[in-house]
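Heads up: the protein sequence lines correspond to chains A and B, in order.
The numbers in my numbering rise by one with no breaks, and the one at position 86 of the first sequence is 86.
The numbers in my numbering rise by one with no breaks, and the one at position 40 of the second sequence is 40.
You can take every hint at face value.
Facing chain B, from chain A, some residues (calculated, C-beta under 7 Å):
1) Q97
2) M101
3) K130
Rather than coming from a laboratory, the hints here were simulated on the basis of the structure.
None of these values were measured; they are calculated from a predicted model.
Where is the CB? At the ideal position from N, CA and C, for every residue including glycine.
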Amino acid sequence: MNNGSVKVLVTSGRTLSQGRAMEKGKMTSDYENAVAVCELDSTAMESLGIKNGETVVVKSDIGEIAVKAKLNKQLVPGIAFIPCGPYFNFLLDSYTQHTGMPGFKSLTVSIDAAPGAKILTVEELTKMIKEAT
Amino acid sequence: MTEANNIFKDVPCTFCGCLCDDLIIEVDGDRIVKNTNGCPISKERFVGHTENRCLQPTVNGNTVTLEKAVERAVELIASSKRPLIYGLSSTENDAQREAYRLAELARGVVDNTTSVCHGPTILGAQESGEAAASLAEVRHRSDLVIYWGANPAAAHPRHIPHYIRQPGEYIKDPKQDRKIWLVDIRATTTARMADRFIRIEPGTDLEVLQTLRALIRGNKLDATEVGGINITELEEIAAAMKSAKYGTLFFGLGLTQSWGRHRNIDAAIRLIQDLNAHTKWGMMPMRGHYNVSGANKTSTWVTGYPYAVDFARGYPRFQPGEYTAVDMLARGEADVLLNIAADPVAHFPRAAVSHLMKIPVINIDPKINMTSQVAEVNIPAAIAGIECDGAATRMDGLPLYLRKIIEPPQGVIPDRDILRMMIKSLEKVMK
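Working from the sequences, and respecting the hints, build out all of it.
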């Protein structure tokens, strides 16, 4: 049952599949499958009324992007995880607290179920950013 | 280059800062066919070295000679007012040194990927010093190892099995005699390998570190919990840290990229210093790219500063937040980008990427990456540690010699030689 959006703190970081796919090549479907993912806890999945592998739209203050939801039973409610890469970075502002370092670990987002929504390929995502500039 | 039966032993891995130097690489013709001892990512790097390669220099998508690509790159840099040179952590030391020479010549800014990984670690160390340890020392002596905001199971897959869950001179049984703890905001795959997982609330690292400092100094705190951890548990953690014979704190981007940035590191360093009044403790950043540590070292040797170095006035100046790549791009300041062995389009936040797409980009990389898609000039490079030799620095500061295993693709040369060509050409223009 879809009860609307969930608000979470999303953090990014490395995963083994992201590392392997990155070494293979960023323009491969392996890379897209590894990084166009949002790991959610079971309460968020239930609240959104979605199953493992269905599409969600993640929205931050500066944009929104569709990625695949993945259940992570180890996560606690209120925290989500997106592997580091272009999909997470599309949502991230560039403020660095004057250190050079953006806030890769602390992005507040809302997540909506979006069954059937298209997940952009890495190439399409690059093209979309370029066209918007 | 040949070795008995085309099997190369003791090859250093050029994926992460562990630089594991026990790989056995088997070669068949011009391809690597087997990587023994490497982690899954290392196997992908070595066995998959021919996949997704950039093989020809291009300008605006058209194949050109290397000389023509270098000529166009030099034109772009020479006509630029504020060139930015970035990347450098997935290449070897000599290439890094050529990049600094180029930056000086072009009066540009040179930054490495440290600015988006352990830059705050360096800022913290500049403030409070460095309580360093070597990985060998940790293996031989450390009875308590804490990972804080790090997920080695995903990012440094052999860190625990190769360096930590191994016996040492004074640690005979690494499972019994050495305890591994993990402090993080989520139970990552590393939590399954650790003896103890301590979950803290996001953004509370600084408070937890300072609380531990206070408790180690013997202060009583008027608080029931800090960072989601009960004060009784914090007292027990502080006591265990004090009673360790030789403790080690490995910390990752969970500490450098979260709220507080270099202040978190400053607090962690001071915690280790406090502990050294009672027992022996060391700390080490979990460096990601295999030679990002080397990029800091070579940059410091050559320019005096570890990253974010500006040569606009003809001499080096250091200012994180101003000369760091994300800030330079997000402010719209850089007017040309020379990217070497990194992929800022994949790894920078959107405003920085958007500006990058408005300016000419020169991209030097062995593989086709996201930055290749937007670069005006693409120049393929040999993969250091596979197709050319060099030197790199492990996460604990140990320099290791990288070996050439096979020949690079026809006409493809190392980063350092591409940069030397650019310098030679730029010297004529900048006279």
